[in-house]
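If you're matching them up, the sequences are chains V and P in order.
Per our numbering, the very first residue in the first sequence carries number 1; after that it's consecutive.
Per our numbering, the very first residue in the second sequence carries number 1; after that it's consecutive.
What the hints contain is simulated information worked out from the structure, not anything from laboratory work.
Treat the hints with care, since some could be wrong.
As the list makes no split between identical chains, a pair holds if one copy fits it or if it spans any two.
Keeping only pairs whose Cα atoms sit at most 20 Å apart, straight-line, the calculated SDA-like set for lysine to any residue is [as the list claims (entries may be wrong)]: (1) LYS365 with MET344; (2) LYS414 with ARG368; (3) LYS379 with PHE155; (4) LYS379 with GLY281; (5) LYS183 with GLU99; (6) LYS81 with ARG248; (7) LYS183 with LEU399; (8) LYS54 with THR159; (9) LYS151 with LYS209; (10) LYS372 with MET344; (11) LYS101 with GLU255; (12) LYS151 with SER17; (13) LYS156 with ILE336; (14) LYS28 with LYS146.
2 protein chains.
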Amino acid sequence: MNLLEKLHKIGFSRLTSLKDTLDILFSKIKVNPYEEIATTNALNRILAVDFVSKIDIPPFDRSAMDGYAINAEDSYGASPKNPKKIRLIGIIEIGEYTELKLNKGEGIRISTGAPIPEGSNAVIKIEDTEIDKEQINLYTSVVPWKNISKKGEDFKSGTKILSNGTELKAEHIALLTSIGFSKVIVRTKPKVSILSSGDELVEPGDPLKPGKIYNSNTPMISALVKLYGGFVEKEETVKDDKKTIKNRLLDASKESQVIIFTGGTSVGTKDYLPEIMKESGVILAHGVAQRPGAPVLIGFLNETLTFCLPGTPVAAYVSFLRIAGPAIRKMLGCLILDPRIEIMATINKDVPVSNLGFLHYLRVKLERSDDKIIADPVKLRGSSVISSLSFSDGIVEILPHREGLKKGERVIVKLHPK
Amino acid sequence: MNLLEKLHKIGFSRLTSLKDTLDILFSKIKVNPYEEIATTNALNRILAVDFVSKIDIPPFDRSAMDGYAINAEDSYGASPKNPKKIRLIGIIEIGEYTELKLNKGEGIRISTGAPIPEGSNAVIKIEDTEIDKEQINLYTSVVPWKNISKKGEDFKSGTKILSNGTELKAEHIALLTSIGFSKVIVRTKPKVSILSSGDELVEPGDPLKPGKIYNSNTPMISALVKLYGGFVEKEETVKDDKKTIKNRLLDASKESQVIIFTGGTSVGTKDYLPEIMKESGVILAHGVAQRPGAPVLIGFLNETLTFCLPGTPVAAYVSFLRIAGPAIRKMLGCLILDPRIEIMATINKDVPVSNLGFLHYLRVKLERSDDKIIADPVKLRGSSVISSLSFSDGIVEILPHREGLKKGERVIVKLHPK
Chain V
1 MNLLEKLHKI
11 GFSRLTSLKD
21 TLDILFSKIK
31 VNPYEEIATT
41 NALNRILAVD
51 FVSKIDIPPF
61 DRSAMDGYAI
71 NAEDSYGASP
81 KNPKKIRLIG
91 IIEIGEYTEL
101 KLNKGEGIRI
111 STGAPIPEGS
121 NAVIKIEDTE
131 IDKEQINLYT
141 SVVPWKNISK
151 KGEDFKSGTK
161 ILSNGTELKA
171 EHIALLTSIG
181 FSKVIVRTKP
191 KVSILSSGDE
201 LVEPGDPLKP
211 GKIYNSNTPM
221 ISALVKLYGG
231 FVEKEETVKD
241 DKKTIKNRLL
251 DASKESQVII
261 FTGGTSVGTK
271 DYLPEIMKES
281 GVILAHGVAQ
291 RPGAPVLIGF
301 LNETLTFCLP
311 GTPVAAYVSF
321 LRIAGPAIRK
331 MLGCLILDPR
341 IEIMATINKD
351 VPVSNLGFLH
361 YLRVKLERSD
371 DKIIADPVKL
381 RGSSVISSLS
391 FSDGIVEILP
401 HREGLKKGER
411 VIVKLHPK
Chain P
1 MNLLEKLHKI
11 GFSRLTSLKD
21 TLDILFSKIK
31 VNPYEEIATT
41 NALNRILAVD
51 FVSKIDIPPF
61 DRSAMDGYAI
71 NAEDSYGASP
81 KNPKKIRLIG
91 IIEIGEYTEL
101 KLNKGEGIRI
111 STGAPIPEGS
121 NAVIKIEDTE
131 IDKEQINLYT
141 SVVPWKNISK
151 KGEDFKSGTK
161 ILSNGTELKA
171 EHIALLTSIG
181 FSKVIVRTKP
191 KVSILSSGDE
201 LVEPGDPLKP
211 GKIYNSNTPM
221 ISALVKLYGG
231 FVEKEETVKD
241 DKKTIKNRLL
251 DASKESQVII
261 FTGGTSVGTK
271 DYLPEIMKES
281 GVILAHGVAQ
291 RPGAPVLIGF
301 LNETLTFCLP
311 GTPVAAYVSF
321 LRIAGPAIRK
331 MLGCLILDPR
341 IEIMATINKD
351 VPVSNLGFLH
361 YLRVKLERSD
371 DKIIADPVKL
381 RGSSVISSLS
391 FSDGIVEILP
401 HREGLKKGER
411 VIVKLHPK
């Protein structure tokens, strides 16, 4: 009897591949509405429209150097020993619009970023000149358009510069403000309620009685929800009692777009979640062919997307990263549903897997060795070992058809989300 | 005359290598005081102490499976055709402390995570058994300690589990709460004032007049300060007038630990910053051998660390990432001063550099090609081209002694901060 058959036997209605699970899940998710916010507050928010520039960048021909706006022709043949001479006729400061016009034999002092005056087609750098009263000595020759940033050279009005679904970082905020957008249209954040149940759970800070453990799932999932762009509406630890759990879930479904419940999805004696979901909601998937993290239940309670993740922390963590987190980002309309950075590395030992047909998550620590990056599997026992997460750098996925990894094999490491 | 000589000529008191600049700078920075906050609010904060576990994890021998706690010996020789039989004497729920003791020939129903009763040395999985009233049929044999997570197996009381200076992510929050810490001691956030000057600057949202550009540096630096763990105390655009700039800087120095000023550090006509810093503060460095970003000025105004970064956006961006950002993280006591993720890639063309002796920053876009990652230099002209940042994935540093990069060379790409 393989693990798949066993899981069927012990109560999972069916065990779905991760890919099929995500296909079903994503097909049911609608993208959130949008809101307009100040660009300065938009760090980590998700754009809800394509952004098109309404201006040319640069908006005018401008100097790329501190120097003199000249006619390039006036510099031809200039050298330190044979300087060319022109006449200073004025100055253009940055930010100043000028009516000054340049004729042959003339130069205008100009700052970096200042607009090029009419009649000029080059800027000579200040350090390639010397000034003597009104006479400018040019010590080098410049070609036409030297040291000038042309209007529209970076991009022209009408260019799409950022796509709907982009997660806004410092460089995007710089880009949007540089073309004058003080406000941006972004997706509203999904409201997420985080519930845990388990009579074994004690809240951090309280004394630990025999047989009990501290509740670390709620704070962990809460941090992940924030990292993935959700808004944590509430965090609650619920008594391990069917009626209480049901009432709290139904309450949460009225206030939230997403519920993430940890604990209560295996076939332990007190696991009421599948019953509650059958009675009061719709089940999309129950049981995913992944290890750890098989006992995942996904459904809707009223209109609220509800995830019941395993209570063991590592299983809850990987299930969030692969399923609940990407679902939140789907609501946000993100271009990239899994925001983790991927790194190529070489695995440094054989890693056999225990159950063919399952996607396996291997926690690894990264080390640099010459110009190679080595992925070293973190020694661990079971999915309750939280230290295997904080002592590792990322996760390698071993595909369901693989019997494991071979030492020296190139693997993709998905770094823990930052 | 090389660029170094030219820069000397045009007013930089001296041009310092980036390494020396950082050595001088970091030697002057004191680590911030600490504060105690709720662990649940600690995402992205920096630990101010080593964290040592006061308990064993797991805190007791516990079941890693749903099944029966048994004596391993009672299962020896069991097979589907020849099941061994034992007697069910009770049940242990998760979270329950039990006085139940197990004798030979007995089994106790146990949930994943529940404490192992005295007298038991193994757990047999539920799917390897069948129950018939009070008789449990065992269909397989298990070795001693099978499916038991031993007390202290993950780590023991007294183990240092997180180091002073760690940036707290979801997995660290899970670890800290799992050992009962509801509060953590973290560094206070440095208060940062962000000032820009330049008569050419128009605020985003206002109409763009001829010769003007939008101020994108303030929002960009503000986003970066937040990403690097600072608190933005104020953002201000200052008129390009020496007295005004001086007064605003002195005001900001009373409210902030750090001032970041953009614009006003080149030798343009209106560049007052070096004068102001000489009159009212102490200059640590003026001019750094990097491109873009040479005209950086670093000093103290009163006790406030003051950075004057170039006004061109890309130069301001790289100078923040390499100098001002790490300084903020030094105040935070971070273990890692440059938080950017590094990726190995292969450069896909020759990249000559213009000035030997300077550290060059090359913006690149990453592409995956088979099992290689290719770094493709982003076409750009000058450090004012903001799109070169948002259209790229990261930065390759070309060391000062190198004349450039050769096509096919392996390079380290520092990804833009997330």
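Here is how each hint holds up against the structure:
With identical chains, the CA atoms of LYS365 and MET344 are at most 20 Å apart both within one copy (13 Å) and between copies (16 Å). For a Cα distance limit of 20 Å, the shortest separation of LYS414 from ARG368 qualifies both inside one copy, at 16 Å, and across copies, at 15 Å. Proximity of LYS379 to PHE155 under the C-alpha cut-off of 20 Å is restricted to the inter-copy arrangement: shortest distance 12 Å between copies versus 51 Å within a copy. With identical chains, the CA atoms of LYS379 and GLY281 are never at most 20 Å apart, being 40 Å at best within one copy and 54 Å at best between copies.
Taking the shortest Cα distances, LYS183 and GLU99 never come within 20 Å of each other, neither inside one copy (33 Å) nor across copies (64 Å). Taking the shortest Cα distances, LYS81 and ARG248 never come within 20 Å of each other, neither inside one copy (87 Å) nor across copies (46 Å). Proximity of LYS183 and LEU399 under a CA criterion of 20 Å is satisfied in neither setting, with 43 Å inside one chain copy and 39 Å between copies. For the identical chains of this complex, LYS54 and THR159 are intra-copy neighbours only, at 8 Å inside a copy versus 59 Å across copies, given an alpha-carbon limit of 20 Å.
With identical chains, the CA atoms of LYS151 and LYS209 are at most 20 Å apart between copies only, with a shortest distance of 14 Å across copies and 71 Å within one. Both within a single protomer and between protomers do LYS372 and MET344 lie at most 20 Å apart by alpha-carbon distance, with minima of 9 Å and 8 Å respectively. With identical chains, the CA atoms of LYS101 and GLU255 are never at most 20 Å apart, being 66 Å at best within one copy and 46 Å at best between copies. Taking identical chains as interchangeable, the C-alpha atoms of LYS151 and SER17 are never at most 20 Å apart, the minima being 53 Å within one chain and 34 Å between chains.
For a Cα distance limit of 20 Å, the shortest separation of LYS156 from ILE336 qualifies neither inside one copy, at 27 Å, nor across copies, at 40 Å. With identical chains, the CA atoms of LYS28 and LYS146 are never at most 20 Å apart, being 56 Å at best within one copy and 41 Å at best between copies.
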